[in-house]
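Under the working numbering, the sequence shown has 85 at position 85, and the numbering climbs by one with no breaks.
Any given hint could turn out to be false.
[What the hints assert, rightly or not] Result set (DSSO-like, lysine-lysine): computed pairs, CA atoms no more than 30 Å apart in a straight line:
1. Lys3 <-> Lys25
2. Lys57 <-> Lys200
3. Lys179 <-> Lys25
Simulated from the structure, these hints should not be mistaken for laboratory data.
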Amino acid sequence: SEKAYAASPDLFMRPGTEGFFTPQKWFSYIILWSFVNPLFPQLFSRFYTARSLRSLKVSTWLYPLLVSFLFLAPVLIGVWANGTSLDPGRADMILPAMVARFAPGWVHALVMTGALAALMSTADSQLLALSTMLARDTGIKRNQVTWGRLLTLGLCILVVVLILTGFDKRMDFFTLLTKTSFAGLIVLTPATVAALYFRKVPGWAVVASIIAGEGAVVAIWFGWLPTFGLVAGIVALIVAVTILALAYLVDYFFVRKKSHS
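Turn these sequences into a full structure, and let the hints steer you where they fit.
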C-alpha cells in the first residue's frame with residue numbers, strides 16, 4: 001500500500017486519477033447498482049427458483065454484502081499493482097498478472113480456472129434466460145411457429161446491425177458490451193416496478209418507457225444526448241421514468257376519463 005501510494009497518491013483520494021470519480025459519478029454508480037442488479041436476466045430468473053419468500057429475502061440481503069466483500073480483493077490488487085514494476089498492458093489483465101507474479105503457480109491456475117468457470121456460468125445462465133424469454137415472447141411456445149421464426153430473425157438482424165453500427169475500432173467487443181449492457185438493463189426498472197406495483201399503468205406506457213430509455217442509450221452512445229457528468233444509465237433511467245409518467249398521465253386524463261364520460 002505504501003509503494004502504491006507513493007507511485008499514485010491520486011488512487012487513495014477522490015476524485016481519483018484523471019478526476020473520474022466526481023460526485024455525479026458516485027451518485028450514478030450507487031443508483032445504477034441498486035437498480036440494475038435485479039434486472040440481470042440470469043438473476044431475475046432465479047427469483048422464481050426460491051423455495052420460499054424468506055429464502056428470497058435472505059439472499060437479497062446477503063447479495064450486496066457478499067459482493068462488496070468479494071469485490072474488495074480485485075480492487076486492492078489492482079491498486080497495489082501501481083506500486084510494482086508490472087506493466088500488464090491492459091487493465092483487465094492486472095489481476096492475473098499480479099497473481100502470476102506474487103503467488104504460487106497452483107494459486108494462479110486456481111484463480112484463472114475459477115474466473116473461467118464464473119464467466120461460463122454467467123454466460124450459460126444469460127443464454128438460458130434470454131432463449132427462454134425469446135421462445136415464450138415470440139409465440140413459438142404457443143404454436144405460432146411462422147411468426148416466431150420471423151420475429152426471431154428480425155431480432156437477430158437488429159442485434160447484428162446494432163453491433164456493426166456501434167462497434168468502435170478503438171474498443172474491444174467486451175468493453176462495448178460492458179459500457180452499454182448496464183445502461184440498457186436499468187431502463188427496464190421503471191417497467192418492472194410499474195408491472196409489479198402499479199397495475200393501472202397501461203401496457204403501451206410501459207412499452208413506450210422501454211423504447212424511449214433504450215433510444216436514450218443509443219443517443220448517448222453516439223453523442224447525441226449529453227450526460228451532464230452522470231453515468232449513461234442514469235440519464236436513460238430518467239428518460240424512461242419521465243416517459244412512463246407522462247404516458248400514464250395521458251392515459252389517465254385523455255383515455256380513461258374520456259371513456260368514462
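For each hint, the structure was consulted:
1. Proposed proximity of Lys3 and Lys25 is supported: the alpha carbons are some 27 Å apart, at most 30 Å.
2. Between Lys57 and Lys200 the alpha-carbon distance is near 27 Å, which keeps this suggested pair within the 30 Å criterion.
3. In summary, the hint linking Lys179 to Lys25 is supported, as the alpha carbons are separated by about 14 Å, within the 30 Å threshold.
Checked against the numbered hints above, the structure breaks none of them.
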